[in-house]
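Construct the complete structure from the given sequences, taking the supplied hints into account.
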Amino acid sequence: MRNVYVLGTGMIRFGRYPDKSVPELGAEAALIALKDASVAIKDVELFACGNLYQANAMVGQRILQQVGQTGIPVINVSNACATGSTAFREAYMAVASGMYDVTMAVGVEQMGKQGLLGGGGGGSDPAYSTEGRVGSGLMPAVFGQAGMEHMRKYGTTLEHFAKISVKSHKHATKNPFSQYQNEVTLEDVMNARVVAFPNTLYMCCPTGDGAAAAILVSEDKLKQFAGGRKRARVAASVLTSDPYTDRDLTLPDVSTLTRRAVQKAYETAGLGPKDVSLTELHDCFATAELVHYENLGLCGDGEAGKFIDEGGGKHPDLGGKAPVNVSGGLLSKGHPLGATGVANICEVVWHLTGDDRAKQRQVPNAKVGMAHVIGLGSACTIHLLTV
Amino acid sequence: MAEQASTQTAEQPGKKPILPVFKLEPKPHLVGVKCSACGAVFLDTKRLACSKCGATGPFHEVQLSDKGKVWVFSVIHQSFPGVKTPYVTAIIDLPEGVSVKSNLVDVDPLELQKNPGKAFGMAVELVANVVSKDRQGNEVVAFQFRPSAN
Numbered sequence: 003m004r005n006v007y008v009l010g011t012g013m014i015r016f017g018r019y020p021d022k023s024v025p026e027l028g029a030e031a032a033l034i035a036l037k038d039a040s041v042a043i044k045d046v047e048l049f050a051c052g053n054l055y056q057a058n059a060m061v062g063q064r065i066l067q068q069v070g071q072t073g074i075p076v077i078n079v080s081n082a083c084a085t086g087s088t089a090f091r092e093a094y095m096a097v098a099s100g101m102y103d104v105t106m107a108v109g110v111e112q113m114g115k116q117g118l119l120g121g122g123g124g125g126s127d128p129a130y131s132t133e134g135r136v137g138s139g140l141m142p143a144v145f146g147q148a149g150m151e152h153m154r155k156y157g158t159t160l161e162h163f164a165k166i167s168v169k170s171h172k173h174a175t176k177n178p179f180s181q182y183q184n185e186v187t188l189e190d191v192m193n194a195r196v197v198a199f200p201n202t203l204y205m206c207c208p209t210g211d212g213a214a215a216a217i218l219v220s221e222d223k224l225k226q227f228a229g230g231r232k233r234a235r236v237a238a239s240v241l242t243s244d245p246y247t248d249r250d251l252t253l254p255d256v257s258t259l260t261r262r263a264v265q266k267a268y269e270t271a272g273l274g275p276k277d278v279s280l281t282e283l284h285d286c287f288a289t290a291e292l293v294h295y296e297n298l299g300l301c302g303d304g305e306a307g308k309f310i311d312e313g314g315g316k317h318p319d320l321g322g323k324a325p326v327n328v329s330g331g332l333l334s335k336g337h338p339l340g341a342t343g344v345a346n347i348c349e350v351v352w353h354l355t356g357d358d359r360a361k362q363r364q365v366p367n368a369k370v371g372m373a374h375v376i377g378l379g380s381a382c383t384i385h386l387l388t389v
Numbered sequence: 094m095a096e097q098a099s100t101q102t103a104e105q106p107g108k109k110p111i112l113p114v115f116k117l118e119p120k121p122h123l124v125g126v127k128c129s130a131c132g133a134v135f136l137d138t139k140r141l142a143c144s145k146c147g148a149t150g151p152f153h154e155v156q157l158s159d160k161g162k163v164w165v166f167s168v169i170h171q172s173f174p175g176v177k178t179p180y181v182t183a184i185i186d187l188p189e190g191v192s193v194k195s196n197l198v199d200v201d202p203l204e205l206q207k208n209p210g211k212a213f214g215m216a217v218e219l220v221a222n223v224v225s226k227d228r229q230g231n232e233v234v235a236f237q238f239r240p241s242a243n
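Chains A and B, in that order, are what the protein sequence lines are.
Throughout the first sequence, residue numbering follows my numbering, covering 3 to 389 in sequence.
Throughout the second sequence, residue numbering follows my numbering, covering 94 to 243 in sequence.
Calculated from the structure, these hints are not laboratory results.
Incorrect hints may have been included.
[To be verified] Keeping only pairs whose Cα atoms sit at most 27 Å apart, straight-line, the calculated BS3-like set for lysine-lysine is:
hint	chain 1	residue 1	chain 2	residue 2
1	A	K115	B	K207
2	A	K155	B	K120
3	B	K139	B	K120
4	B	K226	B	K211
5	B	K207	A	K155
6	A	K155	B	K108
7	B	K226	B	K120
8	A	K266	B	K145
9	B	K120	B	K145
10	B	K207	B	K145
11	A	K155	A	K176
12	A	K308	B	K207
13	A	K232	A	K323
14	A	K308	A	K276
15	B	K226	B	K116
16	A	K44	A	K232
17	A	K308	B	K226
18	B	K109	B	K120
19	A	K155	A	K276
20	A	K172	A	K308
21	B	K139	B	K177
22	A	K172	A	K323
23	B	K145	A	K155
24	A	K22	A	K44
25	A	K172	A	K276
26	A	K155	B	K109
[Unchecked claim] Estimated spans, in silico, between C-beta atoms of each pair:
hint	chain 1	residue 1	chain 2	residue 2	range
27	B	T138	A	G321	54 to 64 Å
28	B	S129	A	D248	35 to 45 Å
29	A	T159	B	R239	45 to 55 Å
30	A	E305	B	S158	45 to 55 Å
31	B	G107	A	E269	36 to 46 Å
32	A	P20	B	N208	42 to 52 Å
33	B	K211	A	E305	24 to 34 Å
34	B	K120	A	Q116	51 to 61 Å
35	A	A59	B	V176	24 to 34 Å
36	B	G107	A	D248	29 to 39 Å
37	A	G274	B	A148	32 to 42 Å
[Stated by the list, open to error] Rough simulated footprint, nothing fancy, chain A against chain B, three-plus residues with beta-carbon under 8 Å:
hint	segment
38	167-173
39	192-201
The beta-carbon is built from N, C-alpha and C at its ideal position, and this holds for glycine as well.
Pasting the structure below:
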């Protein structure tokens with residue numbers, strides 16, 4: 003496999019854009035990335051587009067109809083919340099394999115103000131809907147229970163989960179790309195209405211719209227186009243699905259596939275958790291972030307509560323260590339499903355390359371960054387990037 | 094086909110299970126299928142292959158126990174329109190080695206929220222509750238769980 007570099011990135015602020023279409027949002031991000039890379043659409047040889055809610059509607063081609071119809075291969079990707087990061091991986095593999103030298107990945111989603119995700123069933127007669135009658139299949143229930151497992155095994159408290167939300171909201175105040183940029187106190191989080199215990203409102207990510215893009219290149223093209231600018235290398239790109247575990251079919255197991263993915267990523271890159279300068283992980287709920295501290299090796303098993311109490315996950319500027327979700331994470335930055343996986347790679351890249359877009363929250367001396375995404379059902383991607 | 098159709102039209106509204114894995118006769122119970130190669134049990138009525146070991150069978154139908162233990166739960170405060178909240182959703186481990194998701198009833202949701210430890214490992218039993226009525230007028234019966242003595 004060849005070395006692959008991220009030559010350019012683009013992202014629009016996550017939020018609500020009811021007056022724009024999905025292809026427009028994607029095209030905006032693509033054009034920013036092309037400009038950032040100093041390449042034109044005619045230089046791009048393959049395009050992988052991640053989008054979930056219009057997965058049957060050729061979103062990638064419709065983006066090119068706005069950006070430039072050069073006739074290149076387009077792959078439309080759908081992989082739950084890991085949609086964007088899977089699209090990035092397709093673009094990565096196309097270059098790594100030697101088949102292409104310049105590729106583009108875009109993740110885009112328009113969710114509007116839709117409510118809870120998942121659940122349903124019952125076919126055409128709602129009398130047979132199982133939601134709320136034989137338990138809950140909604141995402142808040144799944145991740146509430148993931149937190150409860152940790153509580154059961156290790157005595158983790160509501161306060162531990164709440165502290166994550168406080169930390170990530172604080173981080174978001176320094177990120178102009180974040181959907182929400184407001185601080186919350188521990189009392190705010192703990193006293194907010196409960197959505198699915200132990201997650202309160204501020205421990206759940208919002209729905210929203212957004213787009214992010216990346217241009218990937220081979221080493222030769224990096225030399226041609228980068229013009230001496232600092233660019234990050236993709237040191238590992240891993241995708242896993244959920245292996246059989248005892249309760250996975252009843253309560254999706256978000257841990258085992260993450261552990262497998264990160265282990266493979268560390269092996270591939272020849273790195274370990276101690277080498278990671280910053281992590282963007284999939285905090286769809288505060289409970290998810292807590293279990294992933296352990297899954298990703300940022301602390302030992304059963305130590306996530308202690309890790310939080312000791313400032314783990316906080317930005318170094320706030321006196322923290324092993325910073326996690328300095329962007330504000332999904333909790334604040336937002337989670338437009340298809341865009342998420344590309345956006346967190348953008349965030350990592352910006353810190354590694356000293357990009358102005360992360361100026362207010364720059365992690366000092368960042369050399370290695372990790373981007374983790376989980377799509378329920380399940381898919382996990384890990385990307386390790388280095389400079 | 095003609096015979097089936099006439100049987101259906103003659104049928105009076107009665108009780109129907111909410112999912113095919115739930116059988117109402119002779120008494121309400123869940124069924125699973127067991128992989129003869131590795132012994133894994135699935136909450137299902139049929140399978141093409143085993144997702145644990147990959148064997149293509151044969152699979153044997155097994156009747157699942159009506160008693161189990163709560164693994165974890167969540168108290169749901171926000172749900173679809175028409176779903177009464179708060180309620181408790183729980184993962185129940187059955188002795189056959191399969192887990193089931195359903196509502197935990199006859200408990201105080203807010204009390205469990207205050208003392209989560211009370212529910213972890215709690216002994217529960219299956220209860221059949223009517224949850225809705227379908228378009229043909231049948232009562233739809235769901236399997237749920239309630240605390241039991243052991």
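Checked hints:
no.	hint	in the structure
1	A:K115 / B:K207	violated (31 Å)
2	A:K155 / B:K120	violated (36 Å)
3	B:K139 / B:K120	holds (21 Å)
4	B:K226 / B:K211	violated (34 Å)
5	B:K207 / A:K155	holds (17 Å)
6	A:K155 / B:K108	violated (40 Å)
7	B:K226 / B:K120	holds (20 Å)
8	A:K266 / B:K145	holds (22 Å)
9	B:K120 / B:K145	violated (30 Å)
10	B:K207 / B:K145	violated (37 Å)
11	A:K155 / A:K176	violated (35 Å)
12	A:K308 / B:K207	holds (22 Å)
13	A:K232 / A:K323	holds (25 Å)
14	A:K308 / A:K276	holds (17 Å)
15	B:K226 / B:K116	holds (17 Å)
16	A:K44 / A:K232	holds (23 Å)
17	A:K308 / B:K226	violated (50 Å)
18	B:K109 / B:K120	holds (13 Å)
19	A:K155 / A:K276	holds (25 Å)
20	A:K172 / A:K308	holds (20 Å)
21	B:K139 / B:K177	violated (33 Å)
22	A:K172 / A:K323	holds (15 Å)
23	B:K145 / A:K155	holds (25 Å)
24	A:K22 / A:K44	holds (25 Å)
25	A:K172 / A:K276	holds (24 Å)
26	A:K155 / B:K109	violated (38 Å)
27	B:T138 / A:G321: 54 to 64 Å	holds (56 Å)
28	B:S129 / A:D248: 35 to 45 Å	violated (19 Å)
29	A:T159 / B:R239: 45 to 55 Å	violated (28 Å)
30	A:E305 / B:S158: 45 to 55 Å	violated (36 Å)
31	B:G107 / A:E269: 36 to 46 Å	violated (59 Å)
32	A:P20 / B:N208: 42 to 52 Å	holds (44 Å)
33	B:K211 / A:E305: 24 to 34 Å	holds (26 Å)
34	B:K120 / A:Q116: 51 to 61 Å	violated (41 Å)
35	A:A59 / B:V176: 24 to 34 Å	holds (31 Å)
36	B:G107 / A:D248: 29 to 39 Å	holds (36 Å)
37	A:G274 / B:A148: 32 to 42 Å	holds (37 Å)
38	167-173	holds (count 7)
39	192-201	holds (count 5)
Hint violations for this structure: numbers 1, 2, 4, 6, 9, 10, 11, 17, 21, 26, 28, 29, 30, 31, 34, all remaining hints satisfied.
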